[in-house]
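In order, the protein sequences belong to chains A and B.
As numbered in this note's numbering, residues 1 to 282 make up the first sequence, in order.
As numbered in this note's numbering, residues 1 to 287 make up the second sequence, in order.
Simulated from the structure, these hints should not be mistaken for laboratory data.
The reader is advised that the hints may include incorrect statements.
To give an idea of the chain A side of the interface with chain B (calculated C-beta under 8 Å), a few residues [to be verified]: (1) 46; (2) 140; (3) 148; (4) 167; (5) 187.
Since we're looking at a predicted model, the values are computed, not measured.
By construction, the Cβ of each residue, glycine as well, lies at the ideal position given by its N, Cα and C atoms.
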Amino acid sequence: MRPNGRPDDGGAAGTGAARRAVFAPVDTRARVDTVVRRIGDAIELGLLADGEQLPGETELAGQLGVSTVTLREALMALRQQGLVTTRRGRGGGSFVTLPDDPPEERLRARLADWSTEELRDLGDHWAAVSGAAALLAARRTQPGDLRPLTRTVEELAAAGDPATGSRLYGRFHVELAAAAQSARLTREEIALQTDLGALLCLVLDDPVHLGNVSDRHRAVISAVQDEADERARALAETCVRESVGRLIALRLGTPGRATEPRPEEDTHGQEHRARGPRGGRR
Amino acid sequence: MGRSTGLAGPAGAVADTDPVEGTASCVGDPDPVDQVMDRFRDSDPVDEVVRRVRDALEEVFAAVAETGADTAALLSAASGPGREPVAADLAGLRPGLRARLAGHPLVSGVGFVAAPGLLADAPGWLEWWQRGPGGAVRPLLLDLDPEHSAYSDYTHWDWYTLPRETGRRAVAGPYVDYLCSDEYSLTLSAPVGLGGRFVGVAAADVYLRHFEAAVLPVLQRLPAPARLVNARGRVAASTDPDHLAGSLTRGPDFAAVLAGPPAEHRADGLRMLPCGGTPLVLVTAED
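Assemble the whole structure, with the sequences as input and the hints as a guide.
Dropping the structure here:
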């Protein structure tokens with residue numbers, strides 16, 4: 001690579017263009033959306049309470065790592081969604097307001113912010129991370145490593161409300177990545193939960209799916225315990241894909257489709273068939 | 001895994017054998033390691049590994065012991081008839097915690113973790129300070145409300161349960177610390193008592209990459225690839241590309257090696273030597 005950045009032959013110019021793309025500012029619109037989603041999710045998950053005052057614009061922008069301009073746009077969008085009210089003057093500021101719509105309606109509105117392509121990509125990313133985590137955990141697990149995962153699954157199965165279930169669902173995958181002894185995979189799982197937290201509330205609302213998710217997670221633990229690395233990966237991927245598949249079906253307004261695994265998830269061949277009875281027994 | 005992967009075995013084999021009161025004094029103690037080393041006089045590099053590992057961990061344990069002593073004194077002063085300690089009392093630890101982060105390059109986080117119910121005004125509390133990416137020292141601010149956070153209950157982590165159950169200091173990990181730093185770490189901890197009652201743990205984090213930097217030079221002086229493993233067989237540092245940090249060495253009972261006499265053991269084609277009073281075993285392939 002030429003240190004002066006002057007383009008020379010075609011190959012190097014190509015590299016230069018790619019580098020410029022890498023270092024180009026992130027799309028500002030995407031940043032606004034990210035901030036809207038994050039604050040909106042925090043409100044939906046109850047992390048920010050009704051009537052709570054948000055930090056000042058400068059402080060909040062600093063915490064979120066965005067410019068104040070971006071933050072203002074995001075706050076405007078949140079005001080339009082009715083999630084934030086801004087009062088001027090003494091004692092003024094931005095306050096969390098929960099609209100009167102039932103929570104599920106608001107969550108569905110939040111889901112509508114995602115395109116199906118974005119959801120599919122989110123699912124691909126999550127499946128890649130959790131699948132790899134399960135595979136490595138199976139290779140690197142000792143007796144005792146699985147206690148947190150087992151505890152989380154039992155709490156998940158008994159979760160009284162979707163928000164609690166969603167937090168435990170996320171914690172399971174963070175713990176799985178930690179069992180893989182990978183700090184990077186763990187950080188990826190934590191970052192993914194920022195997006196997934198609110199969305200998963202929508203699918204965990206259904207007790208049947210909550211039961212399925214719990215069973216699938218128990219099967220992942222069994223595979224990890226058996227040091228069956230490929231089976232653990234396939235099970236973790238299937239679990240993630242089924243939940244995201246349901247989200248996509250919800251987004252498309254065809255929830256009925258989500259009750260069966262999609263055909264492409266049945267392509268694990270013997271691996272898949274072999275684990276059938278085990279998964280079913282649990 | 002964070003909550004359960006420790007150097008100590010389930011039966012407490014993970015815990016260090018020194019009582020917590022003696023942590024500071026054991027740094028220079030004459031110990032059986034020297035006797036063991038007599039048998040290794042022709043292999044000084046092994047001696048150096050054992051000493052380096054012990055010195056590194058003892059330096060961190062010294063920071064833990066200071067934090068524990070500060071905490072006990074502070075809680076004692078803040079407790080009395082009709083008075084229970086509150087979270088704000090623990091702010092008195094901060095100058096000491098900052099000084100320890102500044103004075104111990106291996107320590108990336110240090111503090112006191114209160115037993116639930118200790119403080120009158122908070123169900124749980126971590127007075128925890130850590131060095132950030134830019135080197136700035138900052139407090140860990142956790143959401144400890146179970147209604148908001150799935151990570152509010154910290155009483156399942158090895159660094160908490162081991163000192164509580166054994167009454168002794170302990171080394172937890174290596175494990176991914178997704179509560180405090182999201183780093184692959186060792187956490188060294190010791191119980192803190194108030195009037196004979198367990199009131200929490202003093203602890204310090206060592207990022208595994210820093211531990212590796214401390215011990216790798218001496219490991220590399222050994223004539224053959226070697227690794228340091230914990231009581232459960234988890235590799236903490238290694239010069240063997242086939243057995244890297246984070247992997248498991250399955251087969252030998254490392255907890256038994258650590259519990260036994262400080263002599264070389266052989267099993268499954270491996271030579272194993274406990275690292276003088278620490279819960280780590282030096283492992284090399286048999287010649």
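Okay, the hints, checked on the actual structure:
no.	hint	result
1	46	holds (7 Å)
2	140	holds (5 Å)
3	148	holds (4 Å)
4	167	holds (4 Å)
5	187	holds (5 Å)
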